[in-house]
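Whenever a hint applies, use it, and build me the whole structure from the sequences.
Chains as they are written, first to last, in the working numbering: chain A, 49 to 495; chain B, 49 to 495; chain C, 49 to 495; chain D, 49 to 495.
Hints may contain errors.
As the list claims (entries may be wrong) - Covered stretches of chain C (in silico footprint by chain B; criterion: 3 or more residues with CB under 8 Å from a CB of chain B, positions within the stretch not fixed):
#1 286-297
#2 332-341
#3 462-474
Unchecked claim - Below, a list of computed lysine-lysine pairs in the BS3-like style, where the Cα atoms sit at most 27 Å apart:
#4 B/469 x C/379
#5 B/295 x C/469
#6 A/485 x D/272
#7 A/272 x D/469
#8 A/469 x D/469
#9 A/295 x D/469
#10 A/379 x D/272
#11 B/272 x C/295
#12 D/272 x A/469
#13 C/272 x C/485
#14 C/469 x B/272
#15 D/379 x A/272
#16 C/272 x B/379
#17 A/469 x A/295
#18 C/485 x B/272
#19 B/469 x B/295
#20 C/295 x B/485
#21 B/272 x C/379
By construction, these hints were calculated from the structure, which means they are not laboratory data. Ideal Cβ placement from N, Cα and C applies to all residues, glycine included.
There are 4 protein chains.
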Amino acid sequence: MILRDPIHGLIAFEDEEERVIQSLLATSEVQRLRRVRQLGLASLVFPGAEHSRFSHAIGTAWVMSRLLDRIGHVQEGVAADQRLDPASRREAIAAALLHDLGHGPFSHLYEEVLPGAPRHEQWTADLILHPDTDVHRALAQFGQDTAHNVAELVRGRHRLPYLGLSVSGTLDVDRCDYLLRDSHMTGVRYGIYDLDWLLRALTLGEVTDPEGARRTVLAIEGRKGLPPIEGFFLARNFMFQQVYHHKAVRAAEVLVRSIFARASERLRDPSDALVAPRALISAVRGEPATEAAYLDLDDASLTSCIAAWQRDSDPVLADLAKRFMRRNLPKTLPLPEGPGCEPLWAECQARASEIATAEGFRADLHVWLDAPVDIPYAEDRDVAPGVAAVDPLDGLWVSLRHRPMARLGDVSFLLRELRNKRTVRPRLVFPAELREKVLRAVEPLLA
Amino acid sequence: MILRDPIHGLIAFEDEEERVIQSLLATSEVQRLRRVRQLGLASLVFPGAEHSRFSHAIGTAWVMSRLLDRIGHVQEGVAADQRLDPASRREAIAAALLHDLGHGPFSHLYEEVLPGAPRHEQWTADLILHPDTDVHRALAQFGQDTAHNVAELVRGRHRLPYLGLSVSGTLDVDRCDYLLRDSHMTGVRYGIYDLDWLLRALTLGEVTDPEGARRTVLAIEGRKGLPPIEGFFLARNFMFQQVYHHKAVRAAEVLVRSIFARASERLRDPSDALVAPRALISAVRGEPATEAAYLDLDDASLTSCIAAWQRDSDPVLADLAKRFMRRNLPKTLPLPEGPGCEPLWAECQARASEIATAEGFRADLHVWLDAPVDIPYAEDRDVAPGVAAVDPLDGLWVSLRHRPMARLGDVSFLLRELRNKRTVRPRLVFPAELREKVLRAVEPLLA
Amino acid sequence: MILRDPIHGLIAFEDEEERVIQSLLATSEVQRLRRVRQLGLASLVFPGAEHSRFSHAIGTAWVMSRLLDRIGHVQEGVAADQRLDPASRREAIAAALLHDLGHGPFSHLYEEVLPGAPRHEQWTADLILHPDTDVHRALAQFGQDTAHNVAELVRGRHRLPYLGLSVSGTLDVDRCDYLLRDSHMTGVRYGIYDLDWLLRALTLGEVTDPEGARRTVLAIEGRKGLPPIEGFFLARNFMFQQVYHHKAVRAAEVLVRSIFARASERLRDPSDALVAPRALISAVRGEPATEAAYLDLDDASLTSCIAAWQRDSDPVLADLAKRFMRRNLPKTLPLPEGPGCEPLWAECQARASEIATAEGFRADLHVWLDAPVDIPYAEDRDVAPGVAAVDPLDGLWVSLRHRPMARLGDVSFLLRELRNKRTVRPRLVFPAELREKVLRAVEPLLA
Amino acid sequence: MILRDPIHGLIAFEDEEERVIQSLLATSEVQRLRRVRQLGLASLVFPGAEHSRFSHAIGTAWVMSRLLDRIGHVQEGVAADQRLDPASRREAIAAALLHDLGHGPFSHLYEEVLPGAPRHEQWTADLILHPDTDVHRALAQFGQDTAHNVAELVRGRHRLPYLGLSVSGTLDVDRCDYLLRDSHMTGVRYGIYDLDWLLRALTLGEVTDPEGARRTVLAIEGRKGLPPIEGFFLARNFMFQQVYHHKAVRAAEVLVRSIFARASERLRDPSDALVAPRALISAVRGEPATEAAYLDLDDASLTSCIAAWQRDSDPVLADLAKRFMRRNLPKTLPLPEGPGCEPLWAECQARASEIATAEGFRADLHVWLDAPVDIPYAEDRDVAPGVAAVDPLDGLWVSLRHRPMARLGDVSFLLRELRNKRTVRPRLVFPAELREKVLRAVEPLLA
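Next comes the structure, spelled out in structure tokens:
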């Protein structure tokens, strides 16, 4: 199978172990991913960012295919039981394609908002393991352990631990694809790093864990691998700052959260006939949802639901729904960051809530404190050279000629400075019509 | 307003006349375009091609903005009444944004299949002119003629005829954006031509029409403008061959056409309760549809309708719907092209239909002759230098120093060879399970 | 060895057979290519086009490396004696790197101007075969036939005929690299075609020659290979029109030709002490040049020679040299093309020459008729399907499933129209100061 | 004048004030820049990096042209005497084109090596101001102060101080072009930042200097300007690490330095007849060089000089010259960085020198300690908000709505971490044939 892709150009799955891709693409569960946008609400702000989790899934499988080629080239020096075999290759490719299978609509919002809803990782595993899904059947034809091993891999676990981390870890194929894809589709161009060179700079190496056991890890090769890996983490940082934590994207998200919060209040009452997707109702009521119900959940079904709620007799829900459908997004005010700022944030939120209440709004649904956090490069520092004080599978290692393996943050000038630094972007979020009053009340606190 | 775009990079609408963009983006009719994919079913074949008519609309407005800048630079030599004024600029920008407003789902399929459905150009005009639409209200605030002039422009008509052609003509801003965008998103990279240079090579010139009147036209400047305009038409040719007329894309389209055909048979019976969007029912029954009903039509609503039909008790409809939802597309067999081939095509179709009938299929819904036609570069040749035998507004003109204006096809080596040449790609299309039998019956005819 | 390249990105020569690259790069003959610009005088017009034949040589070797990989994938169905072996691979890589080894300065000008000078293909072969060159010694260490086979390959000959054509043929690795590189470096972006896809669309096939013998040829695979190969020939066409035959590039070339013509007149006299490179003097006098003398010839040595001639006591030579060094290029006037135009061209040249003479110029050194010709896609048409009336190694073949091999021009709509069409761009070239007089004398002929 | 460029695409100098470009391009001094490579010896390591200071000069002028457009858009709020006028625009464009006019061959090497040689900034100014140069005459025709003002601008001084800094400052048009160009041509792709967005994020603002005076400065606009400016400094950091301070590039540079050192020893003796460019001899002997002599200095003249020295009877010089011409570069050994490491470096150098001496090498010409330093982002921190403790013209300012201007390092998370951090890359450099002995002697010190 040869495909074209706006990010990777020519994508080819032609190896024997890649036949699994063709089988999986034909399943209803994978096809559903066409109807879930990768960036959720961000396309409200970045109109080009309309790509789905389906094209991301294919891109992720392609990065895995290239990573497996690379591992094949560098595994000679590694213990025989730590090398790739055909089954591992097939499992890795399948897991890369399926890693987001259970993802709900609107990115992470869906599960954050509904405490009763299973997390998307859980749904992914359930869909892979449940004997009645198309995906399970497609995997089962390749061997009886395949589905189980793929479900484990999606959670980052495998008999080859480095393979688990390449599906779900600090430097995994998911990130490798989405940074490039999201950057490209939003048009911001900040998440672009050198994937070709990064792949070529990967190698397998060994580190000693605190118990003294040797562990095979995926490592960056020598100094020539630093620029692409530094570029990778800087790309990640830029994307969080500019896209994922963009003020208008976050504003749209808190608005949707309030819509779900209000709908949940209604749906918790079994006698309330509010129209909603089956899986949403189950999640609110703490009942298990069927696979079929979950698969009917996608961006379009949720959006048409919100569209219908515009005409609901519940004025609170109808008002929130209208704001969303007309793209009347809340306004944001940046708050100061730094140690000891939390009480100030709370005071700002209190003042804004007071104003909202006085103006007839439900403050809990219309005034938010939004403080997204990111750690651009996380790594545990307390390690001796070549010996990990913690699990060596955390963080990234660099292989240097004639020297013991080193932690990336100890070798890279840039990442040493950024290591374990936290960015917080606190904002007060409130309805546009309260803008002047809120500013008047809050700005004295910020002077 | 500044936007990011995967195709154009930085997009800025900051002139006074561009304020209309912001007003129009806030309307429900424009926002609906987010839910209609630009390439209809092509994303089944090119997974990256998930972009909507919304991002294309913004890109088109941006190309118009740049074109207007260029015209502003070169209009000095032109009669005063043929120059741009602020109102024309605003109308042109608005028309560029709105040119696809009434487009139905699944690209051109919707209107092709339903003889009773208004064509999308008609819907676009109706939505712009109808006093109750958001779009109309947004335009009306800029002047009482604005909506009318924009609706005319979308049909290619304006007091500045060259402006009409730049919205809908041989070289219009719609094509300028979609060739780049579709090429990029499909990943084929064949539709890429040099927009920067093309815009800079445009100028205004005058030609004499057969009545001897002078007409102002948009023209290519001298020889340096040939490569980008040649590139433009070659790009168009490649995109038709590789994407728009791709065999699997066309196969998906004929399948959907049959689904609609069968649904129409059912819906024509007023007592049939088949669930379908309101606007679809109206179109089938020859009744007028409301704007609201039309705006509810989008890719998602039609897809979920087809999904529901999989479970319908009508075995023909259910089978067709299942084939589509499971991406079980018909197979295609290329037929010979050339003069006098039509009887052979008909014979092939007859043999395949016979087989289909014998196997229990309805041949009219399962066997198709598909022969898409394209003329990569159309131009009327019978013109004297600088004098058009036909309407000078057809085709493209080249302005050469010290010489009369010439038709593009007379100046360009490449386009002279391609001028008015037709490509046809005839194919027999039939269900995959009939492949061997059909080949056995038809191949002797093709030897 | 891993390299970075502005055109191909990451270039890696890591196979055993590619060790020859490293050896050859260390030779003085290959290093000399750093001092010869790929595009000769075109950088006077396209300032970015400063790339040398050295970087082109590396790029060409890289395309060959990728082509050999492709052939390795598709050679299974081919007779054993027609398959690649390690020696062939090494020879092909070396020949790709060395194909321009004997190239003189200023592109093709040097040898065109000096009838006595050996052609660059001859110099290339001589340098490879001469036992005292670094290059010969580097090749000899890989086997006693290596140098001989590489020299043959550079001329397009090899025991695997398709390999010869891939070094020097219609679709060879030289063109594959230079179209991309020249396009990129000039900034025109017209020579860009899809190399990835083109390589993947290549296959090996068999055709029957007129004697009935089966011949293995490199062919385009099916219909999916048409767009990249069409793109390749269109790219070639654009580059000739826009860069290689650009009016100012050609004007600079005729000026340099006159400089050499005048210098040759002088140097033919053994008593004339005009300073010039040794190899130039030998060529003028019809004496053999040594390898060492030839290798001292490069852009810089010729340019500094011309710079010195500005101060020569010979007024003709000094004047021509000054015009070149100050970039005071001749002017050009396009002449009409078409059958029967030659007498008109001659008349134009005669009138301009008369004026030049009257103004004190030597007409043979200052007035030129320049009429570069190109055939964008050449192919012999008179062939039966799958049987070549002429040598099947000419032109390109397309492999279609279930059908005999076909000539590219019979399968591609675009190339059928362009096949064997000739473009000519006649121009009258004369000193800038004669512009008005020449126009006055010549334009009546052109009206 | 419209040009093509591999970096910027279409370059157009069409404004009245840009006519100066055309005049300057026709001068011998600017044309000489075609013969000086931008990256000096780096093309030995990055074969594509063959671009000259000439194409960089054009690119720099183009960035200036775009910057001036931007300033034109944002200067309304600024005091009238701080705004651009036509003369300033012309001077800025000219200075951008000429900023490297006096640059010697081989990048900065030439002047580093010859203590008597004027620095390139001095040469640039001299060439602009000297009444007999072509460049001076070209400038003089635009006004009697033009040459003087341009010479001042090249040194960063102008009546509009922000204009001076845009020619030579932290964020100047020189860097803007060379980061993109060097990154692109080397193929490393690390120096790519978003120039479009960066230019659009620039504005004029005012800060108060320590004396309380208001100063107009070029500033980054709000938070949306952070990503491109962060990208700019990260790009700079990558280019230093990967290209400018690349170990093989530095090794080639120290080798050339030794060649010049040995040649200087010889040339200091007036009776030594060693052939060398006139300007080189003058510099060694502390005599003033003429403009003409300096202009004959270029990469080719120096290279052919070194080539000739290979055959000199001085064994030391001949050996060094041969090493360079055959690309037999010295080897490098990375040394530890950190406070207190200098004695260790000295000890390593001493041991290697001892070995070199014992093997018959002149240690001062064959063993080097190379420790290039870079500060990726330098900024003086001790400033109160909006009031500069030091000259406000140092560093960069960010303009935030409703707040005083702030230093970039106080606003950007990334640059705060990098601010004023120093990178050092110490290496021991020595002849390849001493590799084993040196490693054996030095490695115990590094364990």
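Each hint, compared with the structure:
For the segment 286-297 of chain C, the stated coverage by chain B holds: 3 residues have a C-beta nearer than 8 Å to a C-beta of that chain, and at least 3 were required. Requiring three or more residues with a Cβ within less than 8 Å of a Cβ of chain B, the coverage given for the segment 332-341 of chain C is violated, as only 0 such residues are present. By the rule of at least three residues with a Cβ nearer than 8 Å to a Cβ of chain B, the coverage given for the segment 462-474 of chain C holds, with 5 such residues. For the hint linking residue 469 of chain B to residue 379 of chain C, the alpha-carbon distance of about 38 Å lies beyond 27 Å, and the restraint is violated.
The hinted pair formed by residue 295 of chain B and residue 469 of chain C fails the criterion: a straight-line CA distance of about 31 Å is larger than 27 Å. Distance restraint check for residue 485 of chain A and residue 272 of chain D: the Cα-Cα separation of roughly 26 Å lies within the 27 Å cut-off, and the hinted pair is therefore satisfied. For the proposed pair residue 272 of chain A and residue 469 of chain D, the alpha carbon gap of about 22 Å is at most 27 Å, so the pair holds. Of the supplied pair hints, the one linking residue 469 of chain A and residue 469 of chain D holds, its CA atoms being roughly 16 Å apart against a limit of 27 Å.
For the suggested pair residue 295 of chain A and residue 469 of chain D, the alpha carbons sit about 31 Å apart, so the restraint of at most 27 Å is broken. The hinted pair formed by residue 379 of chain A and residue 272 of chain D meets the criterion: a straight-line CA distance of about 17 Å does not exceed 27 Å. Taken as a hint, the residue 272 of chain B and residue 295 of chain C pair is honoured in the structure, with Cα atoms around 11 Å apart against an allowance of 27 Å. Distance check on the hinted pair: residue 272 of chain D and residue 469 of chain A sit about 22 Å apart at the alpha-carbon level, within 27 Å; holds.
Proximity of residue 272 of chain C to residue 485 of chain C is assessed by CA-CA distance (about 55 Å); at most 27 Å being required, the pair is judged violated. Straight-line distance between C-alpha atoms of residue 469 of chain C and residue 272 of chain B comes to about 22 Å, which keeps the hinted pair within the 27 Å bound. In summary, the hint linking residue 379 of chain D to residue 272 of chain A is supported, as the alpha carbons are separated by about 17 Å, within the 27 Å threshold. Pair hint residue 272 of chain C plus residue 379 of chain B holds up; C-alpha atoms about 17 Å apart against a cutoff of 27 Å.
Taking the CA atoms of residue 469 of chain A and residue 295 of chain A, the gap is about 21 Å. The hint holds against a cut of 27 Å. Taking the CA atoms of residue 485 of chain C and residue 272 of chain B, the gap is about 26 Å. The hint holds against a cut of 27 Å. With a CA separation close to 21 Å, the supplied pair residue 469 of chain B and residue 295 of chain B stays within the 27 Å bound. A hinted pair counts as satisfied when its Cα atoms are at most 27 Å apart, and residue 295 of chain C with residue 485 of chain B does not qualify at roughly 61 Å.
Among the hinted pairs, residue 272 of chain B with residue 379 of chain C is consistent with the structure: their alpha-carbon atoms are about 17 Å apart, no more than 27 Å.
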